[in-house]
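Engineer: Residue numbers (the working numbering), protein chains in the order written: chain P, 20 to 316; chain D, 366 to 818.
A couple of the hints might just be wrong.
[Stated by the list, open to error] Calculated cross-link-like contacts (lysine to any residue; reagent style SDA-like; alpha-carbon spacing at most 20 Å):
| hint | chain 1 | residue 1 | chain 2 | residue 2 |
| --- | --- | --- | --- | --- |
| 1 | P | Lys141 | D | Ile575 |
| 2 | D | Lys487 | P | Ala35 |
| 3 | D | Lys487 | P | Ile30 |
| 4 | P | Lys56 | D | Gln635 |
| 5 | D | Lys644 | P | Val64 |
[To be verified] On the chain D side, residues computed to face chain P include the following (Cβ under 8 Å):
| hint | residue |
| --- | --- |
| 6 | Ala403 |
| 7 | Asp415 |
| 8 | Val498 |
| 9 | Thr545 |
| 10 | Ser633 |
| 11 | Gln635 |
| 12 | Val695 |
| 13 | Ala699 |
| 14 | Ala700 |
| 15 | Ile707 |
| 16 | Leu718 |
| 17 | Glu721 |
| 18 | Ile753 |
| 19 | Ile757 |
| 20 | Leu769 |
These aren't lab readings, by the way, just hints derived from the structure by calculation. Quick reminder that beta carbons are idealized off the backbone N, C-alpha and C, glycines included.
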Amino acid sequence: MFIVKHKKIFIGISIALVLFSIVSLFVFGLKVGIDFKGGALTEVVYKTERPKQVALNQSLDALNFGSMLLQPTGDFGYIVKSRDLNDAEHAQLLRTLGDSDILTETSFSSIGPPIGRELTRKAIMALILISLAIIAFIAFAFRKVSQPVKSWKYGLIAIVTLLHDVMIPIGLFVALSHYYGAEVDTLFVVAILTILGLSVSDTIVIFDRIRENLRNEAHIEKASFSDIVGKSLGQSFVRSICTSLTVILVLLALFFFGPITTKYFALILTTGMFFGTYSSIFLASPLLVWVEEWQKK
Amino acid sequence: MIKKLILAFFILLLGASVALFVYKTEPKLNKNFETQRAFFKKFPFRLGCDLSNGSFLTYKADVSAVPTGQATESMDALRDVIERRINIFGVSEPVVQVENGGLISGGGEKLIICLPGVTDVKKATEMIGQTPVLEFKTEAPKDAPQSVTVDENGVANLSIGSLYSPTELTGRYLQKATLTFNDTTREPQVSLQFDDTGTKLFAKITKENIGKTVAIYLDGSPVSVPVVREEIPNGQAVISGSFTPAEAKLLVGRLNSGALPVPISLLSTQTIGATLGEKAINAGVKATIIGFLLIALFLILWYRLPGLIAVLSLSIFVSIILSLFKLLPVTLTAAGIAGFIISMGVAVDANVLIFERVKEELRSGRTIADAVKLGFSRAWLSIRDSNISNLITALILFWFGTSLIKGFALTLGMGVIVSMFSAIIITRIFLSALILIGEGKVARFLFSSGISK
């Protein structure tokens with residue numbers, strides 16, 4: 020199997036991709052949305068023509084609501100980002116943007132900082148719990164395979180590939196947020212957490228085959244571990260790609276035709292699924308063989 | 366063999382009837398929806414706030430004053446009061462939910478309110494925050510100090526507040542308010558019935574103030590200042606301001622809905638404009654249909670006959686999920702629709718695993734019947750394991766999430782569970798029946814997959 024044979028190249032590609040993501044994370048920084056830090060988002064659409072951004076910025080500054088960000092959206096709309104606003108401030112902002120007969124407010128959300136803090140805490144808790152649960156599950160699923168690689172090492176490798184699958188979409192998102200203004204919101208966190216579940220299920224399909232072949236061929240002294248892994252990979256990479264393909268197909272439908280609110284969500288998941296499949300085939304199994312060879316030394 | 370055919374036919378019939386149910390209960394699909402029997406009108410999709418053009422409010426409830434262990438009760442009472450208040454204003458299908466701040470997730474008790482159709486946040490918060498303050502005041506003693514204020518135009522104002530002094534009797538002791546009409550003038554009035562404590566207080570007040578006036582204050586201003594003629598021992602009073610019938614009815618509703626059991630403060634608001642929700646729904650439906658077609662195309666091209674069977678069980682899967690959304694009901698949000706769409710992709714995973722296995726068994730020279738049988742039993746382990754990891758994620762997300770995350774986790778989790786049934790049991794029944802086509806060359810071609818012949 021060429022993948023096992025050239026494992027160093029593929030492990031290298033993955034390391035490069037992850038490093039690239041980490042660098043982009045540090046260079047661009049993660050932009051956090053109002054879901055987490057609190058604030059208000061007002062979206063308006065003008066009926067015929069929208070006022071000039073410069074003029075509007077001046078009248079917005081006069082409101083003294085602290086720093087405000089005015090972003091054009093569509094052909095006739097603006098999005099105003101500010102700190103969280105109460106009813107009176109909200110009404111004041113709308114009046115500043117224009118009379119109610121020249122514009123309509125398409126959406127408004129104001130989130131107090133306490134909610135943001137709570138969501139952050141919940142997201143971190145969910146991330147920790149899901150990771151722990153999946154680690155426990157992997158350890159359980161592979162408890163019976165212990166020759167020649169111990170079952171906890173399967174688990175460890177599954178987790179390494181998980182990190183890989185999560186880091187790359189994050190890196191991509193950071194770049195997106197830098198160029199297109201996407202922000203980390205609740206759905207972003209959900210997407211990352213869902214990738215954890217989807218990606219591990221893909222790795223399991225291949226590990227499962229290795230597990231089965233190891234059981235069946237345990238008596239054959241000649242078959243080396245890397246041969247068995249290579250053979251398992253050859254037998255199962257088509258199904259691994261096909262199972263991911265079905266999910267990627269619906270995600271692409273969601274990205275291109277779905278609601279605007281879930282666009283970035285679908286994009287992150289698609290990347291996650293893609294690299295999840297990639298890592299199951301090109302990273303997890305090569306790593307497994309590498310660990311076994313390293314053990315022998 | 367006949368048994369297998371009958372079973373397959375039965376499942377097909379069952380699937381068709383579930384699909385028919387979804388069709389019949391959906392006004393957008395069924396052109397004759399209006400003329401349907403009432404039964405079919407009872408199951409619309411329940412749309413979340415982000416899809417139904419409305420306001421979404423999150424309140425923090427301060428339960429620090431409530432004795433420990435009674436927080437849940439007072440939150441339920443709070444929900445009831447707020448629901449009653451919203452109902453008075455005739456908002457269709459409001460959703461009021463209590464979000465408990467668990468030990469782990471933290472964040473205190475919260476109340477989440479969704480008001481479909483109300484895009485004016487100000488109106489919405491007023492609707493919820495309004496507590497009618499009902500007070501009974503008696504004439505202040507003549508020698509009590511009266512406050513006179515002189516405004517900037519030099520006009521002296523005698524504050525009426527100082528003419529009356531407050532009593533203990535307030536709306537707290539109100540048992541019930543009803544709308545009645547005056548026997549002689551036919552004017553609308555609001556009749557009050559006090560509870561036991563209120564009755565005693567009212568009897569005392571009326572006894573001590575015979576011949577004097579008692580002022581009934583609503584929200585800080587007097588609405589009615591009747592003269593007491595005799596002691597009233599039965600705890601009944603009448604407010605006869607000059608109300609219009611509509612005003613009187615609203616007041617009755619507000620008085621009956623009562624005061625909030627715990628103080629609340631607004632944490633966040635969200636409004637979805639008039640066309641945004643509809644756009645999101647249409648886009649969601651479009652993405653679902655296109656996603657379904659893409660999967661169907663892939664399955665049939667790649668897996669041929671078994672692929673067709675998988676499309677059939679996927680259709681049954683979609684029908685079951687949609688009818689569950691209607692029956693339970695599940696509140697659908699944009700994230701929830703995304704969860705459902707993803708679950709379609711996950712649902713056929715099991716079929717893919719089975720079919721790949723069947724193909725492998727066929728290659729090793731088994732008959733179609735044996736290959737199908739073995740394919741199912743050997744693929745089971747990896748199907749189980751890969752679904753469990755998705756279920757773990759869905760479960761934890763559901764446990765932790767805010768309502769947005771919950772919607773996604775619920776639809777995804779439901780999808781994963783139902784798909785285990787549809788992709789394994791239903792597909793197996795159909796495939797077992799199809800084995801009848803024999804072992805000919807055509808049959809083997811139909812059961813192969815990929816680009817092979």
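Engineer: In ascending order, which of the hints set out earlier in this document are inconsistent with the structure?
Structural biologist: 1, 2, 3, 6, 8, 9, 12
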